[in-house]
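The chain contents come next:
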Amino acid sequence: MKRQFDLLRKTMPLIHNITNYVTVNDVANILLACGGSPIMSDEVEDVEDITSICNGLNINIGTLHKSSIEGMLRAGKKANDLHHPILLDPVGAGASKFRTETALRLMQELNLAVIRGNISEIKTLALGSGTTKGVDADVSDAVTEENLEQAIEFVKAFSKKTGTIIAVTGRIDLVTDGNRCYVIRNGRPEMGKITGTGCQLSGMMTAFITANPDEMLEAAAAAVCAMGLAGEIGWSRMQTGDGNATYRNRIIDAIYNMTGDILEKGANYEIR
Amino acid sequence: MKRQFDLLRKTMPLIHNITNYVTVNDVANILLACGGSPIMSDEVEDVEDITSICNGLNINIGTLHKSSIEGMLRAGKKANDLHHPILLDPVGAGASKFRTETALRLMQELNLAVIRGNISEIKTLALGSGTTKGVDADVSDAVTEENLEQAIEFVKAFSKKTGTIIAVTGRIDLVTDGNRCYVIRNGRPEMGKITGTGCQLSGMMTAFITANPDEMLEAAAAAVCAMGLAGEIGWSRMQTGDGNATYRNRIIDAIYNMTGDILEKGANYEIR
Amino acid sequence: MKRQFDLLRKTMPLIHNITNYVTVNDVANILLACGGSPIMSDEVEDVEDITSICNGLNINIGTLHKSSIEGMLRAGKKANDLHHPILLDPVGAGASKFRTETALRLMQELNLAVIRGNISEIKTLALGSGTTKGVDADVSDAVTEENLEQAIEFVKAFSKKTGTIIAVTGRIDLVTDGNRCYVIRNGRPEMGKITGTGCQLSGMMTAFITANPDEMLEAAAAAVCAMGLAGEIGWSRMQTGDGNATYRNRIIDAIYNMTGDILEKGANYEIR
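Chains as they are written, first to last, in the working numbering: chain A, 1 to 272; chain B, 1 to 272; chain C, 1 to 272.
These are calculated hints, taken from the structure and not from any lab test.
Cβ coordinates follow ideal geometry from the N, Cα and C atoms, glycine included.
Output of the computed footprint for chain B on chain A, the stretches with three or more beta carbons under 8 Å from beta carbons of chain B: (1) 18-25; (2) 64-71; (3) 95-109; (4) 194-204; (5) 244-255.
Please put together the full structure from these sequences, using the hints given.
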């Protein structure tokens, strides 16, 4: 973990983000905190130039607009041409037909390095559109110690089928390239009370994999550990009366102050 | 107040927000803080699916785009079909013809549960478009102890005419269903130095009324008291050198830490 | 500096912002912190009415959309008609053809009071489009003590040619009307680890120049000093474990608590 983080801090990759307007500011600040540098652009006429000066691309379909899809595709194809890694965060896949179909289309037309989402979103993409009824409904239970074995098999199979690293985050996080699966137990449940911790992780993970093209699986797992560990460190600094707004700041602050050694020591994972 | 707040915390309603890009992150975080769950979507092709999986709809016309109006109407009609409550926050009604006319159109085409705005916005809607020249100009004075009686009559009459709960917020807040009027004296003037406390209240109020369909007036009033009380609690935690950025966080934090008992005890209102 | 700041606090100008969705919330909050009042609107049908009730216009081309350019032009022409000052922040000029050309078009079609950017953006505009390849690449070095003389000549010449106050911010800031040049040494390098300190400065500078129509150069320089000084004050309040998220809040807080006397005393500049 230390090696991947130190390389991120050293190479300071420039990340092109096409992301939702709800959490975009936090995504930018956590990218700066971890050592990357963010640029946001979703306009069709702008995205190819912007991607060309960047090193990696983060596509997030929260608050998706029809007009942005063409921008995502153009940026993605340019990134593929330039061999920049692309991460897809399929926010709300399963919650609407529009989002599910857009995520599937992006998977089909682009060569993605990583897909990162919650278990409901990933199951929606793996099982096709139209089967879910809500953001958490009609998908199997969250990943737990009880169903861990099957969950690992599921994400490994989906990773093999798609040729993409799959990162499923929740109480227990799974990151796999189809062969090995990192099972990560960092983080705190209170992180779910902050909007956009998932979006932030996707932005930061894009920086991690961009800085570590030869060790993408390890880098993606390191990003998950870093986010969870920041959630633990941030929580330890909370004072009486603090709530989710302050917690949001403390998590980004913890990434800002993280070092490779802190990450190496605090990362809580096994490889299966 | 306690009953309405406890029911919100228990039922955790999912709220669909079509809201401006200035304050959307704070709206999401205060919804999480109060016990609700936010989804943002304004794309025409997405809004009906999203509203269908939610329990209530918050429409806010700040940074209004022409392309979003159709999304507001479609989401609103679907919400009406599903008997989900809709709240309208007519941000900037009176400041431009475009916003005034859009607010009036939404009032005409949708069955709204609540309209929440400042006195200028509400007067613009009550008196028709074209008579105001700015955000505060050419409308009568703010609600004060001196004109309280007439202000109450005005909002009651507008509520009766529209069949909608009217919530006017300012130094003194008024919330009425046409018969009874909550007169609320929580809050602090420094809240006006934070962008989006009104937008945040609208998001949170949507969660309150959604969780309390049989007591919407009380729920709307409870949301106003909760926001004002959070402003008081947040201010009491301010330290030397703190300003409006920190105050913003402390208010959301205070909602996060609020309980039904704290709200019941701190709510400062009379019913007229 | 004190006079310009005191006048801003006294006149409380209303500022129309057409700005990017990444940092818009911070722009609104710093405008409130300094004594101004923000309105955001980029819809073509809305901008003329909104600019008409405001006192100044801030145009920022970060996350630029094709559809917003017409809004920028209409708002700008209305602002010119009404003799409201316009500030242009050419975010990413040089990073894409689309942004560079849009910035140049705005310069051509509008009468701008101030252009504020980093040295790369300003050099791109001064030397024409197509010569830069990235956000910092292919432009001369940052302004340093070594190249200060040439940098001052460069910005003075560009200011004379355009008839616009030019503000270049970085380690050393330059603000010139073509004759005199403020050389400012406030601020801290860690401000670069927060997204949007430049956008925030542009919003606040618009309020400063709007409140001081007869002393625009001094007002623009005062805004730069205020931002840098807030960075110094904010940094002095940082505690162990704090990072860029907390620093962002402390800077806005420092503007909120600033007085004309604090600014006068802390401003670190010479006139060349």
